[in-house]
Amino acid sequence: MASRRTPAMVVMGAVIRGVDRLSPRLGARVAARIFLTPRRARLPERERAWLERARPETFSARPFELSGHRWSERGEPVLLVHGWEGRGSQLGGLALALAEQGLQPITIDLPAHGSSRGAQTNLLEISQAIAAMVRHLGGVAGIVAHSFGAAGTTVALREPLEVGRLVYLAPAEDFEHYPKVFGHWLGLSGHLSERMRHRVERRIGLTMAELRGRLLAPRMRAPLLVVHDEDDVDVPWQDGRTYAEAWPDSRLMTTRGLGHRRILREPHVVAAVARFLAEGT
Numbered sequence: 000m001a002s003r004r005t006p007a008m009v010v011m012g013a014v015i016r017g018v019d020r021l022s023p024r025l026g027a028r029v030a031a032r033i034f035l036t037p038r039r040a041r042l043p044e045r046e047r048a049w050l051e052r053a054r055p056e057t058f059s060a061r062p063f064e065l066s067g068h069r070w071s072e073r074g075e076p077v078l079l080v081h082g083w084e085g086r087g088s089q090l091g092g093l094a095l096a097l098a099e100q101g102l103q104p105i106t107i108d109l110p111a112h113g114s115s116r117g118a119q120t121n122l123l124e125i126s127q128a129i130a131a132m133v134r135h136l137g138g139v140a141g142i143v144a145h146s147f148g149a150a151g152t153t154v155a156l157r158e159p160l161e162v163g164r165l166v167y168l169a170p171a172e173d174f175e176h177y178p179k180v181f182g183h184w185l186g187l188s189g190h191l192s193e194r195m196r197h198r199v200e201r202r203i204g205l206t207m208a209e210l211r212g213r214l215l216a217p218r219m220r221a222p223l224l225v226v227h228d229e230d231d232v233d234v235p236w237q238d239g240r241t242y243a244e245a246w247p248d249s250r251l252m253t254t255r256g257l258g259h260r261r262i263l264r265e266p267h268v269v270a271a272v273a274r275f276l277a278e279g280t
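Reminder that position 165 of the sequence shown reads as 164 in numbering that gives the first Met the number 0, one-by-one numbering, no gaps.
Simulated from the structure, these hints should not be mistaken for laboratory data. This one's a predicted model, so the numbers in the text were calculated from it and none came from an experiment. Among these hints, one or two may not hold up.
As the list claims (entries may be wrong) - Taking lysine to aspartate or glutamate and the DMTMM-like style, the derived pairs with C-alpha atoms no more than 25 Å apart in a straight line are: (1) 179 to 230; (2) 179 to 200; (3) 179 to 84.
Claimed, not checked - Now the in silico label distances, taken between C-beta atoms and shown as ranges: (4) 255 to 13: 15 to 25 Å; (5) 193 to 256: 50 to 60 Å; (6) 266 to 186: 17 to 27 Å; (7) 274 to 32: 34 to 44 Å.
Idealized CB from N, CA, C, for every residue including glycine.
Using the sequences provided together with the hints, build the complete structure.
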């Protein structure tokens, strides 16, 4: 989810407020629809260059058909999961580094993201897609997940999955935070943001509070490395610390000055992730 209030958000917010004045029920429905619709961005040249070194593939991880890339033909598979409004190619630099370590990195575009099908998605569907990919691959040596992708991974791990190690980069833990931030960006009232959240929760059949990382983390057994930047304005550093404190076998690596996305390609972060995953092979 973007960290700035864009002109398009201003317009969308005005439309939602207008609809809400006519029909509060319809206003909450429209707000929820927009909240669950990730925007797709153009690939920067950096990611295009990375993709030239990978093999495109469509993964039939039933019931999902997910676009993605395989970055090596040898080694144990490692699944790389992007965040909300992201795409697998954002993790291309990390994928290439893991391939050099003898692993077989696989990136995917989650439902309604990148080149995968769909217009809307939610945390529960994202978790189901991650679980389906792990089963499709016959288990993985590790999962590296960024931001909202880490949240989806944690929810996916409520069911038994064959996963060796986990790396969370700037992981989102407090999901109730996002409807409030989204409402702020769109200029929605607190009451409308709450009604939107309730509508989303009815759609997925669970409350956002039930899916918080700190509640699910104590059940986890796979070793976890959390890397989070103190200057992250999209997902607070405290979310990463919460994961590390609640997860039984975990460690926290704190960075500075990288923000929410540069952390994905910073050389010393990439090296630390590769070392951590290699420890499990």
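When you check the alpha-carbon spacing of residue 179 and residue 200, does it fall within 25 Å? Holds, at about 14 Å.
Agreement of residue 179 and residue 230 with the hint, judged by alpha carbon distance not exceeding 25 Å: Holds. Residue 179 to residue 230 sits at ~20 Å (cutoff 25 Å).
Between residue 266 and residue 186, is the Cβ distance one that fits in 17 to 27 Å? Given about 40 Å between the Cβ atoms, the range is violated.
For residue 255 and residue 13, compare the CB-CB distance with the range 15 to 25 Å and indicate the outcome. 38 Å, violated
Is the straight-line distance between the alpha-carbon of residue 179 and that of residue 84 25 Å or less? Satisfied, since the Cα-Cα distance of roughly 18 Å is no more than 25 Å.
Residue 256 and residue 193 - C-beta distance against the hinted 50 to 60 Å: Roughly 35 Å apart at Cβ, these two residues miss the hinted range, so it is violated.
Status of the given 34 to 44 Å range, CB of residue 32 versus CB of residue 274: 43 Å, holds
The earlier numbered hints that this structure contradicts are 4, 5 and 6.
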